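If you want the building blocks of each chain, they are given just below.
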Amino acid sequence: MDLNLNPQETKFRGQLRAWLQSNVPEDWETHRLRDSMEDRFQFLRAWQKRVYEAGWAGVAWPQEYGGRGASLMEQVIFTQEMAAAGAPPLANILGLALIGPTIIAYGTEAQKKRYLANILSGDEIWCQGFSEPNAGSDLAGLRTEALLDGDHFVVNGQKVWNSYGWAADWCALVTRSDPGSEKHKGLTYLLVDMRSPGVEVRPLRQLTGESEFTELFFRDVRVPAENVLGAVGDGWNVALGTLAHERATLGVSAQIAMRRQLDRLVELSREMRRNSHRASDEPLVRQKLAQAYVENEILRLNQMRAVSKIIQTGAPGPEGSILKIGWSEANQRFQATAQEILGPYAQLTGASDLAIDNGAWSYSYLRARGNTIEAGTSEIQRNIIGQHVLGLPKSY
Amino acid sequence: MHFGLSETQQAIKNSARQFLTAECPMAGVRRLMETETAFDNALWSKFAEQGWTGIIFPEKYDGFGLGMVEMAAALEEMGRALVPGPFISTVLLAGTLLDHAGSDEQKRKYLGAICRGEARSTLALLERSASWDFEAVQLEATVQLETTPGAGYLLNGEKLFVDDAGIADFLLVAARIEGELALLLVPGDAPGLEKMATPGVDLTRRLYRVSFTNVAAPVESLLARGERARQALEAALDVACLGLVAEMVGGIQSLLDLTVAYAKTRKQFGRPIGAFQAVQHQCADMLVLLEGSRSALYYAAWALGENDPAARTAISVAKAYASEAYRDAGNKSIQVQGGMGFTWENDAHLYYRRAKASEIAFGDAAYHRERIAQSLIDGQPSRNQVSVAAD
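Residue numbers (our numbering), protein chains in the order written: chain A, 1 to 396; chain B, 397 to 787.
Keep in mind the hints are simulated off the structure, nothing from the lab. Remember, predicted model here, so these are calculated numbers, not experimental data. Among the hints, a few may not be true.
As the list claims (entries may be wrong) - Straight-line Cα separation of at most 30 angstroms, DSS-like style, residue types lysine-lysine; simulated pairs: (1) B/660 with A/185; (2) A/309 with B/660; (3) A/394 with B/591; (4) B/442 with A/183.
Said to hold, decoys possible - Here are the in silico distance ranges between beta carbons for each label pair: (5) B/624 with A/15: 21 to 31 angstroms; (6) B/774 with A/354: 48 to 58 angstroms; (7) B/775 with A/205: 42 to 52 angstroms; (8) B/703 with A/35: 29 to 39 angstroms; (9) B/624 with A/32: 22 to 32 angstroms; (10) B/756 with A/184: 43 to 53 angstroms; (11) A/267 with B/630: 27 to 37 angstroms; (12) A/311 with B/455: 32 to 42 angstroms; (13) B/406 with A/317: 11 to 21 angstroms; (14) B/552 with A/311: 57 to 67 angstroms; (15) B/499 with A/317: 33 to 43 angstroms.
Even for Gly, the Cβ is constructed at its ideal location relative to N, Cα and C.
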């Protein structure tokens, strides 16, 4: 056990802090709360470009592909310091957290050269084409077909729940390339240009009222065979690599975001009144705030342990499901706590001038409902733990 | 950064597991729990040979000089094996109190005896109020006139929930001298001292009511008064709480292991019950509870070993979480094992009982959440709360 930073990590943090101090845009809060989703995305894309040009994007990615060539620990420090400085997130989140690492693991030299630097600069935004209307939790039941025709695959099918599909230049698409195949066999992972003829993007309006996600339709879309990531027919393993990164990494930013909201909620609880005294003096409120803190610490520490394990073993394991269950369920409990503490004001949306923090609390309450569904439902995560970590017999 | 046991720390844990598998199997635990004191002197001597009875104390007093992480690793294994007896009360509570508040002479005599495995001890803290708040200490130690033979203090009052008092060679007593908090050392056979067992659900550890009727304590029996006594008590409760959480983590591990083994072999509807998701998900939740408790434990152990100002809150986080996690894991284990889980022969209830006693000891989840609230809401924020790694 040694949780101290080494001299190199301390130096990295010092330089990053100095850079953030003079570069974090001061008007981010205004953009965050007032911009449309599309305008906000353009703002974040410009911010990512600045981060990239200063050499801070892809901290742990190899230098020859535009990364910084530093350690995974320094990557984690980057995420923490960005949050601590109140910096905006980077726009190309799926490219950075999921698809880039999968290309690093499975890509050819030419693919790495072609795609990685553009992910880091934000010049090419990525989305993921995994789920289908009839292949959700049972992802291996996917039907989008990719048939080889000369030196191209011809893609036909439908994908759904694509975050950033409306902004994406590229899509990491899992297809069935062997028409007679079943389940995990006969799948191929393709890198698809979203401007190819036959790609249609439709916004998917979600419970919060926004359209973060899209539906994607592919009609005779021709994808060059050189755009296969990994081997033809080995798409399931490549996809599992992406999903493992998804489970292992999304939690870091979720934990930090929750912690910042908790600090704000503590502040608000000192102003709210309950039973003729300050809410922060009410024993039940204190218990709930402390419980939120406990759960957040458990997330932080589980995450730290997981990072340490990845540094030692090289890859995220099925234990990532513990992290996914952790942050998603903790956030739902936390948002429910926030609603209770804020009382009648909690329900007001940004459209009301009486709303606290421009309606951020009612929004995050609704948005958190999706947490235990996106990136693999809690039920699927528990199946993975049962069958792949604890070694219980398969149930399907 | 390395969040995990070093090779040496892992070796300590492995050898503890090996040792306990051989020397303290479940049959031995069951035999000891039927005895009056749940204490086995021969086993204790072997603990001493392993260096456990002096694990965190200076070599000067025959201790082993290891750190908090090493202590936690060994205690995790003790909790896994459900080791009965007075380890936490003697070594972690009394040992730490002596280490922090004792004079050199007191340490040589009493801490040395604990380290060498020659003496058992405990802390008498709680009273009728059952409050962990030191303000609740009422037991009166009256100053005797110096002309009185054997001048010192006369103790009158009562202590409750005293672990292992029945086998304690000496007790460390939290008392009040002229209104001030104080710590006194009282021999287990002092005249006027009466120890009555108060049987609880945990069959592997004994609780006592200890009454003091004009118990004479000489001047040299005083360890500390005032602020020094308070700090020693806080330090001892921190260390003991950490050790207890380590045992709790080991207990959850054991519950998970025995439950998964059962789910893989027990068949219903023609299949192992572990093939049913309703059962798998209970097991998965146990793993979630286990790993969360374990992360909190080793972070707190590391922080305490580094004298990090965040250590006390980290201990409260670990105790608050593990208190509920161990109980929940016990519930799930018994539920998965069905009727078999509800039998006396099944080991699950022994852990379920230990979980209840552990949840209560040194403050339950609600107590520790209030401690956290005091730092989170009322000021004194501990540093390093946003970052994943320590500063």
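A quick look at each hint next to the structure:
1. B/660 with A/185: holds, 28 angstroms
2. A/309 with B/660: holds, 28 angstroms
3. A/394 with B/591: Violated. Residue 394 of chain A to residue 591 of chain B sits at ~55 angstroms, over the 30 angstroms cutoff.
4. B/442 with A/183: Violated, at roughly 56 angstroms.
5. B/624 with A/15: 21 to 31 angstroms: violated, 45 angstroms
6. B/774 with A/354: 48 to 58 angstroms: violated, 29 angstroms
7. B/775 with A/205: 42 to 52 angstroms: Because 45 angstroms falls inside the window, the suggested range holds.
8. B/703 with A/35: 29 to 39 angstroms: violated, 47 angstroms
9. B/624 with A/32: 22 to 32 angstroms: violated, 52 angstroms
10. B/756 with A/184: 43 to 53 angstroms: Because 49 angstroms falls inside the window, the suggested range holds.
11. A/267 with B/630: 27 to 37 angstroms: With a Cβ separation near 29 angstroms, residue 267 of chain A and residue 630 of chain B satisfy 27 to 37 angstroms, so the hint holds.
12. A/311 with B/455: 32 to 42 angstroms: The hint (32 to 42 angstroms, Cβ to Cβ) holds, given that residue 311 of chain A and residue 455 of chain B are roughly 34 angstroms apart.
13. B/406 with A/317: 11 to 21 angstroms: holds, 18 angstroms
14. B/552 with A/311: 57 to 67 angstroms: Holds - the Cβ-Cβ distance for residue 552 of chain B and residue 311 of chain A, about 59 angstroms, lies within 57 to 67 angstroms.
15. B/499 with A/317: 33 to 43 angstroms: With a Cβ separation near 52 angstroms, residue 499 of chain B and residue 317 of chain A fall outside 33 to 43 angstroms, so the hint is violated.
Violation of the numbered hints given earlier is confined to hints 3, 4, 5, 6, 8, 9, 15; the remaining hints are satisfied by the structure.
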